[in-house]
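Could you put together the complete structure from these sequences and hints?
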Amino acid sequence: MVSATRVLDDADRKNGDVCSPTPYTLQEPAHFVKMLIPADNPLTEEGIELGRQLFYDPLLSMNGAVSCASCHLPQLGFGDGKAFSIGVNGQEGPRSSLPLANVGYYYKGLFWDGRSKSLEDQALIPVREPHEMNSDWSLVELKLRNHPKYPELFRKAFSITDRKEITRFLVAKAIAQFERTLISANAKYDQVLAGKATYTASEERGRKIFFDASDDLPKSECGHCHLDPLFTNLDFQNNGIQQVTSLEDFPDKGRGKITKIIYDNGKFRVPTLRNIELTAPYMHDGRFETLEAVLDHYASGGHLADNLNPNVRQLNFSKQDKIDLIAFLKTLTDTSFVQNPAFANPFNE
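When we follow the working numbering, the leftmost residue of the sequence shown carries the number 23, and every step to the right adds one.
Hints in this document: simulated from the structure, not taken from any laboratory.
Nothing false has been slipped in among the hints.
Beta-carbon label-pair distances, calculated as ranges:
#, residue 1, residue 2, range
1, N370, D328, 47 to 55 angstroms
2, V214, K56, 20 to 28 angstroms
3, N338, P45, 51 to 59 angstroms
4, W159, L239, 50 to 58 angstroms
With a cut-off of at most 30 angstroms between alpha-carbon atoms, the simulated DSSO-like pairs for lysine-lysine come out as follows:
#, residue 1, residue 2
5, K241, K210
6, K241, K352
7, K210, K352
Glycine included, each C-beta is placed from N, C-alpha and C at the ideal position.
Written out as structure tokens, the structure is:
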């Protein structure tokens, strides 16, 4: 093994100095389905660590000021707390950043519109997006190949023998490996399931309203789209936040822009509610700043459209109903997830 400070050169290839990455066993929650991990990108300790470094490194951006973590902050549930994400030179993106908790389980596509089929595909996009990192992959590859640290990290993670083997595709694989470890499953909700905690009266009442579990309480219809344990069904829906006269009038066509199916216009991914307390503002355009405002929207029944989700309808919530629903939603906050040192910025260590 060469030292951690040595940089790859032609002698590495001649000497057959090839690393064997250490397999990483993902600790998955018992109440989750098994994560589908691509055969050509198995999890390794070295790959995950490289991915963490790249995730937090602004080197990937044009001006060296924006990293993946700029829009996905651990303390905010891996969201960014903004209605619209901010990229290089203060450029504002068209949508808010989706939180990354449990993103490895998103088998129906990534982004609000589902345009990327895998984490590997998704990781390639921000670098070249003008309103995100606004860079060029050829330039990023060159910077990584000439970096004092990264060639060695790529060698350990992917058994390369020449710095020229560092490509955008290996970068994407490493970031995807790190993101697959971002599992959030230790909230109070999970602890109650495991028999390690109990709900307060307000939380329990909110749980029953959320899951329509009592004939004596109002039906919220929340659980149809926000299925446990991920608290999303990973689908794309129109939840009535935009008022239009026809399906062609949505200013942001969402899923419809990808599928070219008019019935998909105005549909967006059903976001996870895990860590929802930390991920305001809400919706793809960040229009609601509080959970109270979100509940007010759903209680109103939303704006009618031909493709409005049928579960979005006028609800008769009392003030106490809303208090209890929010109390339950806060049981989805996973403090151990947002404070996990394995997910933290390595440049602050």
